[in-house]
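Undergrad: Assemble the complex: chain A is given as a structure, and chain B must be docked to it using the hints.
Letter by letter, the chains look like this.
Protein chains: 2
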Amino acid sequence: MRTVKAFAPATVANVSCGFDILGFAIEGMGDTVQLIENNSQELRVVSITGDGGRLPLDAAKNTCSVAIQALLDELGIRLGLDIHLEKGLPLGSGMGSSAASAVAALVAVNELLENPLEKKDLLPFAILAEKVACGAGHADNVAPSLLGGFVLIRDYHPLDVIKLPVPSELHCVLLHPHYELRTEDSRSVLRDQIPLKYSTIQSGNVGGLVSGLFLSDYGLISRSLRDVIAEPYRAVLIPGFYEVREAIKSAGSLGMGISGSGPTLFSLCQGESSIPGIISAARKVYESMGLGVDAYHSAINTRGAFVIE
Amino acid sequence: MRTVKAFAPATVANVSCGFDILGFAIEGMGDTVQLIENNSQELRVVSITGDGGRLPLDAAKNTCSVAIQALLDELGIRLGLDIHLEKGLPLGSGMGSSAASAVAALVAVNELLENPLEKKDLLPFAILAEKVACGAGHADNVAPSLLGGFVLIRDYHPLDVIKLPVPSELHCVLLHPHYELRTEDSRSVLRDQIPLKYSTIQSGNVGGLVSGLFLSDYGLISRSLRDVIAEPYRAVLIPGFYEVREAIKSAGSLGMGISGSGPTLFSLCQGESSIPGIISAARKVYESMGLGVDAYHSAINTRGAFVIE
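One line per chain: the protein sequences are A and B, in this order. Once you know that position 82 of the first sequence is 82 in my numbering, the rest is easy, because the numbers rise by one and skip nothing. Once you know that position 158 of the second sequence is 158 in my numbering, the rest is easy, because the numbers rise by one and skip nothing.
Next comes chain A alone, as it looks inside the complex (with noise of 0.2 Å):
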């Protein structure tokens, strides 16, 4: 029986003034999905580990299986395939655990069908898979992960998905805190009508961020990285958001943001050498409102997903 094995990466969505159109991915942290074939013409999800029994093994819920299923049912093929799920990043957690699933999942039936379509291909039926997982059907964290680098979506309709540079020396730092925070709340506080001066800033700084990524402007980044439409109201459902910011800036952290829906704040900074001390500044603020939080740092991860073997 054929088997192929596949990782792709944890994501950051919602990169501040990207709101809903930019994402980046992350190197070392992602899930793994091992595919075997069987002879029952059905998608069995045999095993999930790591997280905490909290996902479905029902194939029609399952993200992996859904997206694996679209992407059979688009091909006119049937096959019958076991599904090992490892979770190698923290569920609900903003960093993009439902698209790096649906990600391996189909760079690994891909792998196994001998590549009928192109990697950049596969991401309709990512989406469609985020849709089932989170109810909405969002590209900002499947693009990234299966494509890696930072990508823009310029439109859903149709899909346009652009991947811009990554300049050679930007890190990111996550902080992970160990808090929950519903995805429901963080989309509740947003508001449907915004001022036009508030889109206008926006738009602004997605400019200027795009700019400093096709630049390697250091500078320029850390200026855009301002969300004045989403953050706003989700950081007050984030414990120590304004605190751990300020006390990040002054060790080196370009700019800091929500990743995803939160919990998880990223920080872009340029280099290594300042990451401890960005680390070390979120601690303590952390420590005094008595909260844990892990910690994790790497390169933008340029390379996406990938066949293990």
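Quick caveat, the hints were computed from the structure, so don't treat them as lab data. Every value quoted in this text rests on a predicted model; they were computed, and no experiment measured them. Hints may be right or wrong, so weigh each one.
Said to hold, decoys possible - Each computed DSSO-like pair below joins lysine-lysine, with the alpha-carbon atoms no more than 27 Å apart:
no., chain 1, residue 1, chain 2, residue 2
1, A, 120, A, 163
2, B, 120, A, 197
3, B, 131, A, 163
4, B, 131, B, 120
5, A, 119, A, 87
6, B, 197, A, 197
7, A, 197, A, 87
8, B, 163, A, 197
9, B, 131, A, 197
10, B, 131, A, 120
11, B, 131, B, 197
12, B, 197, A, 131
13, A, 61, A, 119
14, A, 87, A, 61
15, B, 163, A, 163
16, B, 131, B, 87
17, A, 5, A, 61
18, A, 119, A, 197
19, A, 119, A, 163
TA: Quick look at chain B alone, frame taken from chain A:
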């Protein structure tokens, strides 16, 4: 007596999705300001040509003298100057008329003073003059008129202006219908509050347009030239807007928008070959409505304002 003459180009502001934050400069068309030192220690607007007698000779109201006075005040210099302004672009057309006058005046006086300021540092004085001339201190005309090329105004507080690259084959067609449109009307139709989803779409297109300029990707530029925030309200004030856009699209227009606050329309295109077809298609639409139109085309001006002699 010392004398200096400077030229500043016409500009397109509010470049589609780049409402209030993106502008670019045009080749050839623009204003010329000649300064001649006098013994009076006063600024005198001595002559204005090409304005049909509409611009004020009062030094407290003329955009040239206001800009020069602001610069002299900053430097703590008193100087007597006779100002001669040759308007080389139509007033109230949406091609940055007041901006070109102010910028030409500033570049001239800076040269006369042997360049105490770098070119880019003249910008705040031009913005101040815009405030006097138009009631709003926007920078998306003065910045490209001064610096040339495509310019992003990331922020005003403090001012953060980013020069974007210009793809070598990018050309512009300007269509100036014989039709008056008051800037006040064009402003009053805008909404103070907009849907959050429109802001996200606008940001995505700004990111796409900026990326397209960096990548010289004309297809991406074309797809990104969409304004969902100002254009839908302003287009109804401009006769034939949608008909012209449709007609020139099939003639090779990458996209069309309202130049500044109109009524001039701009279209971007790749290379010069499609220009005659675009102009002819637009003329037909205007003729069918009984409207005359002045058509103009040029490459994107990357030089900005300069000293003539």
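Undergrad: Take the hints in turn and mark each one as holding or not.
TA: Now the hints, each set against the structure:
no. : hint              : result
1   : 120(A) <-> 163(A) : holds, 11 Å
2   : 120(B) <-> 197(A) : holds, 25 Å
3   : 131(B) <-> 163(A) : violated, 39 Å
4   : 131(B) <-> 120(B) : holds, 18 Å
5   : 119(A) <-> 87(A)  : holds, 22 Å
6   : 197(B) <-> 197(A) : holds, 15 Å
7   : 197(A) <-> 87(A)  : violated, 42 Å
8   : 163(B) <-> 197(A) : holds, 22 Å
9   : 131(B) <-> 197(A) : holds, 18 Å
10  : 131(B) <-> 120(A) : violated, 48 Å
11  : 131(B) <-> 197(B) : violated, 31 Å
12  : 197(B) <-> 131(A) : holds, 18 Å
13  : 61(A) <-> 119(A)  : holds, 24 Å
14  : 87(A) <-> 61(A)   : holds, 16 Å
15  : 163(B) <-> 163(A) : holds, 21 Å
16  : 131(B) <-> 87(B)  : holds, 19 Å
17  : 5(A) <-> 61(A)    : holds, 21 Å
18  : 119(A) <-> 197(A) : violated, 39 Å
19  : 119(A) <-> 163(A) : holds, 13 Å
The earlier numbered hints that this structure contradicts are 3, 7, 10, 11 and 18.
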